[in-house]
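Enquirer: Residues per chain, in single letters:
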Amino acid sequence: MNGPPPRLEKIVLALIPPLAREAVAGDLCETYRSPRQYGIEALRTVPFVIASQMRRNLNLPALALKVALAWMLVGNAALWLLPALMLADAYQPAARPDAHHAIRQTMILGLAAMIFVQALSMNVSVMLRMGLSRPNWLALYLFGMVVPALLCLLRTGVILHNDRHTLPGAMTQETLAEIHGAFLRRARWHNILEGAALVAAAAMALLWLGAPAAAALTTLYLLTAIYLLLRGTPRALPGGDQRTGLAHYAHALARQRKLRHFLWWLWSAPLLMALAAQLQATPLVAAVSRAGLILLCFLLAVINREHGGRVQEEIGALTRG
Amino acid sequence: MTQAPDYIYHVDYMAESLGQFEQIVLTAVLALDDNAYGVTIHAKVEDLSRPRKVTRGAVYATLDRMEDKGLITSWLSEPTKERGGRSRRHYRLEKSGQQALRESARTAQRLFDVIASNLGLKGRA
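In order, the protein sequences belong to chains H and Z.
Residue numbers for the first sequence, in numbering that gives the first Met the number 0: 0 to 320.
Residue numbers for the second sequence, in numbering that gives the first Met the number 0: 0 to 124.
Chain H extracted, bound-state conformation:
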C-alpha cells in the first residue's frame, strides 16, 4: 500500500508533538488514502494533539515562576512569553539530544555570543554611548572569548552526569516492585532534604533580603517545602498486573520530573533576581550581569533538557512492548 508523500509526511511529523508523534503519525499513515485525505485528516487531528500535550505537560508553578522572573526583566512584554513557553512544553522532546548535536548547538550559541561582543567592541561609537572605557571593553572582549568554552564545559558536565543513569530493561513484576521501591525511597529522601533546605533558605531570605523580595521568596519557599513534605512523595504501587504497575511508575516519574523542573528554577530565583537588579547599574556591571543571566538561564535550560529527556526515555522504555 502507498504511504503519504515524504515531503508532506515530514511537515506533518514536524507539527505533531514528539511525545505523541509515533502513535499519531502511525495512525495517520495506517488510514492513508490520498495526499488530500491525509492532509485534511492531519489538519483536523494535530491541533487537538498539540492542545492535549500542552495540558499534559503544563507545569503551572514553573511557568508562573518563569513568567514572574521575565516580568522583572522586561515588564509586561513577559506575558508574550506565556504561550511560547506553553508551546515549548507541548513540544517537549521524547529523548535527550545526542551529545554531538548538543555540543555543536552550544558552540554555535557561544560563538554567536562572542561575535556579538566583538562586534560591539569594534563599534566604538556604541561603546562610547554606553560609557565604556577601553579597558572595560577589553575585559568584555576577553569574557566573550571565554563564553563558548564555558558553555561547552557546562553542557558536557550535564551530559556526563545524565549518562551515568541506565535505562530499565525487560521487567518482571518483582523487578518492577524493586525498582519502584528504590525510586520511592530516593524520592522521599530527596523531598525531605530539599524541603528542609527550602525552610532554611526561607529563613535566610527573611534575614538577609529586603522586603518585598524577601516576603515573596519566603512565602514561595515555605509553600513549596510544605508541598514537598506532604504531597511530594509518589504513592506505592497499586494492586493489579504489571501493566498497571508500569503505568503508575511512568506517571510518578513524569510528576517528579515536573517537580524537579520547578525546583531548579526556584533555587535559582534569588540569583536571577540579584542579577536582574544589577541591570540598572554601571554599563560594565550591567553587561556582566546580562551575561550571567544568560549563562544561568542556559544552564537551567540544559539541565531541564537533559533530565527531562532522560526521564522521557525511561518512560518510553517502560511503556513499550
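Please keep in mind that the hints were generated in silico from the structure rather than gathered at the bench.
Careful, some of the hints might be misleading.
Said to hold, decoys possible - In silico DSSO-like cross-links for lysine-lysine, where the CA-CA straight-line distance does not exceed 27 Å:
#, chain 1, residue 1, chain 2, residue 2
1, Z, Lys80, H, Lys9
2, Z, Lys52, Z, Lys68
3, Z, Lys68, H, Lys257
4, Z, Lys94, Z, Lys68
Said to hold, decoys possible - Computed beta-carbon distance windows for the label pairs:
#, chain 1, residue 1, chain 2, residue 2, range
5, H, Ala212, Z, Thr79, 54 to 64 Å
6, H, Pro34, Z, Leu47, 52 to 62 Å
7, Z, Glu77, H, Pro92, 14 to 24 Å
8, Z, Gln98, H, Gly180, 19 to 29 Å
9, Z, Gln98, H, Trp188, 32 to 42 Å
10, H, Pro82, Z, Thr79, 14 to 24 Å
Glycine included, each C-beta is placed from N, C-alpha and C at the ideal position.
Chain H is fixed; fit chain Z onto it per the hints.
Expert: For chain Z alone, kept in the frame of chain H given last:
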C-alpha cells in the same frame, strides 16, 4: 441537628464521574478489548455516536485525559510496516475505569427508566 448522610464523607470511594463523550470513548476501549488503539477506537466511537461525526483528534485528547485520571493505561506495540514502521498505542481499561463506566451505566439506566415510563418508550437501555 440533622446528621449528614454517610456518603458525604466517603468521596474517595465514589467513582470518577464521566462526561458523555468520555463514556463513549471508554465504552469503545472496553468493547475493543485487545485491539483498542487510535484508529479502531475512533471508528468505534464514530459508530457509537451516530449520526454525529467525531474527529480523531478529539478522541486522542479524551484518551490522554482519561489516562491522566488513571482510568485507562496505554503502551506501545511493536512497529508495523503498514504504519510506516511505527508502533500502535494500545489502551486498556483499568479497574477505576470499569467502576466509572458501571456507575455511568447505572445512571443511564435510571434516566432511561424515567423517560420510558413517561414517554412510553419500549425496550431496555
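Enquirer: Are any of the numbered hints broken by this structure? If so, which, sorted upward?
Expert: 6, 10
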